[in-house]
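Enquirer: Order-wise, the sequence lines are chains A and B.
In this text, residue positions in the first sequence follow the working numbering: the first is 272, and each later residue adds one.
In this text, residue positions in the second sequence follow the working numbering: the first is 22, and each later residue adds one.
If you're looking for bench data, these hints aren't it; they were derived computationally from the structure.
Please note: incorrect hints may appear among the correct ones.
Derived SDA-like pairs (lysine to any residue); straight-line CA-CA distance at most 25 Å [what the hints assert, rightly or not]:
no.	chain 1	residue 1	chain 2	residue 2
1	B	284	A	396
2	B	210	A	435
3	B	120	B	52
4	B	58	A	590
5	A	447	B	320
6	B	301	B	224
7	B	189	A	506
8	B	151	B	117
9	A	495	A	418
10	A	447	A	427
11	B	36	B	311
12	A	447	B	224
13	B	343	A	387
14	B	279	A	418
15	B	118	B	156
16	B	279	A	498
17	A	505	B	381
18	B	36	B	56
19	A	447	A	552
20	B	378	A	492
21	B	378	A	387
22	B	284	A	496
23	A	489	B	224
24	B	284	A	469
25	B	378	A	501
26	A	498	B	52
27	A	451	A	506
28	B	387	A	506
29	B	25	B	356
30	A	489	B	387
31	A	294	B	209
32	B	189	A	294
Far from chain B by the CB rule (all over 12 Å, computed), these chain A residues [to be verified]:
no.	residue
33	356
34	366
35	411
36	433
37	461
38	515
39	560
40	564
Remember, it's a predicted structure, so these values are computed and weren't measured experimentally.
Where a beta carbon is used, it is the ideal one built from N, C-alpha and C, also for glycine.
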Amino acid sequence: MLKGSAKEFVAKYVPQGENGLEKSGITKDLTKALAELGFLNMCLPAEAGGAALDEEPYLAVLGEFSKYEPSIAMEILLVNSVAASILSKFEDGLQALAKTGAGELGFIVSPPSPYARNSFHSDHVSLDAELSVVLGNGTDYMIVSDLDGRTLYVKDEIRFKRFPRPLGFRALQWGKAEAKKSQYESVGKGMLEEAFSSGMSRAVSSIALGIAETAIDKTIEYTKVRKVFNTPLKDFGPVAGAISRMKVEAELLRSGLAAQSVDAEILRHKALDLALDASRTAVQYHGGYGYFEAFGIEKLYRDSMVMKMMFGGVDQDLLLYRKTFRSDSGII
Amino acid sequence: MDFKFSKEHEEFREKARNFGKKEFTNDRKVHFDSEEKYPEELRKLAYESGLVTYSDPWKVLIAIEELCAIDPGLGIASTIPYFGAEVLLLFGSDLLKEKYLGRINEGKAIMGLAVTEPSGGSDVAGCRTKAERKGNKYVVNGSKMFISNGNIADFLITLVRTSDADPKRHHGLSVLVIDTSSPGFKATKLTGKLGVRATTTSEIVFENVEVPEENLVGEVGKGFYYIMTFFNISRVFVAAQGVGVAQGAFNRALEIAKSRGEKFSGREDVQFILAEMATKIKAARTLTLEAASYLFNFEPNPTVTSMAKQLAGETAVYVAEKALELAGIEAVNSDLERIFRDAKILEIWEGTSEIEKLVISRNLLKGEAF
């Protein structure tokens, strides 16, 4: 039922063609509509007014939205996986979380990176900070990780300068942020890192897989009708082979996502790679048409690359090595 | 075999690099990319600086590589005003050369090549744009797609069908020089490109466009061969674009690795990625220079040319993706993300990687050495 709702939601609220929401962005009204249909609080705890659903419907919704509009899937992920895991730990946080789940508050988060060009100065009362990259759906509050690895909930005095054309997920708000004499709360150490790494691996996999499946399906349809040398593209062996191999991989990953027994790190690793491969291939086989926004293909390639940058870089690889060897590995 | 450029060429490389560093300011890079606007002033500056000249093709190759390493969109836009000139140089009459190439060589005009059609893509022989002979002129009807410079060019070297396709589709094709000021000519700029947004791309419609018969390039019915000959030239320069784009992405990745200190650059997985990037770039550059050497000595080698174009395009994409992976989310709004978007076209235009592989394998099966 939720999967169907996702499709209906996109049909009703997302402009069709020309890359959907990329120009208008996710507005407050759209966030409110998502909240009213229960997408923003599906995994929030009951204390925050959430539905506290288990993982299965959540993954289904993320996967479905990512097929039509990955930025909405990312917004749902940021609320249900990031904000929920941080704010549900304390009273003030629960209140903010409830309002976020109801679409009344929006927030930005600084994706944790040991190489971020961030600066912090804080005392017991207030915080000054400069963040080089943040993303989210509003600036009512901010979740960041400071240089000591403390996860901070920043409550006010947030200044945000939007990037005009970030690489991907353009319907979300990306930019630089500053905190000036802001009130804040230190929630705990390493929580944001945990949320962005292993904490939401299956959710990230679902979005990446949704993008990959869209890229593969669109390419299958296009290669059936597009002719070169008077022959449909699908009849050329290398084309059929490349698409078929990716389709098989997507189906295996889909089964793995449904089976709780498959390791989340492995899923994430493979799904991120597949999304990038499938979307790159989709651009290639759509040729000049795939290179233009109007076909909705190039966006998949950009979004996949951002997924890889945010959730699948060399530091995230270390998590996979740790799983494989059951200890820190590959660090020399 | 000499792997070193002459002192003159090395000095020219330095000149091109300095030009790019000075003129391709961050403001210009961002502006022309975000606005999808052609940098006419940079084209003029590049011409006035002597960077774009057909007096020495090695210099053109060097300029393309150096400028694309600094910014692919601006680099290609600055070096593309002559696009298609070789068709006229090799096959055009003296009259056509004087009438059209003179203005190009003086930096006063821009040209382009109109081959691709909406239904054609890589299929050059599938050309449907018709040119019907009427008296001492041709009347052209049809359309072209994804034409670089289409809306800013003063004239286009255009592939047309002058007789029916049967029995062989590549028969019956000819090349005309068509003035873009001709009545019935319409160019619509296509917007919303993934990358190389400082270059312009257009859809062209010809509606009863009259072209004087003297604007026929070479002989009637030889168009397919002229265009294939041109691709064997232009692909060398596109390979140089790929090498430049890859080098530009690598330079930034290396800087990022260094700036993060030993904890990052000391990791062997990071080092291996850097090593693989550099090795691929070196291989692509060497192959490109070999293809160029054959071509500039008037012994073009289509197999090596296609190998160079394929490898350079794929290397540009590989290095750009890996550079972003190393950089992480900090690069979401950076020079590097623009290079990533620019890189992908190098596997598509001027013959997709798939077409290059077909050219290579068919030549090998015919017994050609490489």
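Enquirer: With reference to the structure, classify each hint as holding or not holding.
Expert: Comparing the hints with the structure gives:
1. 284(B) x 396(A): Outside the cut-off at roughly 33 Å; violated.
2. 210(B) x 435(A): It holds: about 23 Å lies between the C-alpha atoms, which stays within 25 Å.
3. 120(B) x 52(B): 35 Å, violated
4. 58(B) x 590(A): 44 Å, violated
5. 447(A) x 320(B): 54 Å, violated
6. 301(B) x 224(B): 35 Å, violated
7. 189(B) x 506(A): Judged against 25 Å, a Cα distance of about 21 Å means the pair holds.
8. 151(B) x 117(B): 21 Å, holds
9. 495(A) x 418(A): 52 Å, violated
10. 447(A) x 427(A): 16 Å, holds
11. 36(B) x 311(B): Cα-Cα ~23 Å, so holds.
12. 447(A) x 224(B): 38 Å, violated
13. 343(B) x 387(A): 18 Å, holds
14. 279(B) x 418(A): 20 Å, holds
15. 118(B) x 156(B): OK: residue 118(B) and residue 156(B) at ~23 Å, within 25 Å.
16. 279(B) x 498(A): Violated. Residue 279(B) to residue 498(A) sits at ~48 Å, over the 25 Å cutoff.
17. 505(A) x 381(B): OK: residue 505(A) and residue 381(B) at ~21 Å, within 25 Å.
18. 36(B) x 56(B): 28 Å, violated
19. 447(A) x 552(A): With a Cα-Cα distance of about 32 Å, the restraint between residue 447(A) and residue 552(A) is violated, given a limit of 25 Å.
20. 378(B) x 492(A): It holds: about 24 Å lies between the C-alpha atoms, which stays within 25 Å.
21. 378(B) x 387(A): 41 Å, violated
22. 284(B) x 496(A): 51 Å, violated
23. 489(A) x 224(B): 24 Å, holds
24. 284(B) x 469(A): 22 Å, holds
25. 378(B) x 501(A): Holds. Residue 378(B) to residue 501(A) sits at ~19 Å (cutoff 25 Å).
26. 498(A) x 52(B): 37 Å, violated
27. 451(A) x 506(A): 61 Å, violated
28. 387(B) x 506(A): 24 Å, holds
29. 25(B) x 356(B): 30 Å, violated
30. 489(A) x 387(B): 36 Å, violated
31. 294(A) x 209(B): 22 Å, holds
32. 189(B) x 294(A): 47 Å, violated
33. 356: 19 Å, holds
34. 366: 29 Å, holds
35. 411: 22 Å, holds
36. 433: It is violated; residue 433(A) is separated from chain B by about 10 Å at its closest Cβ, not greater than 12 Å.
37. 461: Since the minimum Cβ distance to chain B is about 18 Å, residue 461(A) lies beyond 12 Å and the statement holds.
38. 515: 16 Å, holds
39. 560: 9 Å, violated
40. 564: 3 Å, violated
In this structure, the earlier hints numbered 1, 3, 4, 5, 6, 9, 12, 16, 18, 19, 21, 22, 26, 27, 29, 30, 32, 36, 39, 40 are contradicted, and the remaining ones agree with it.
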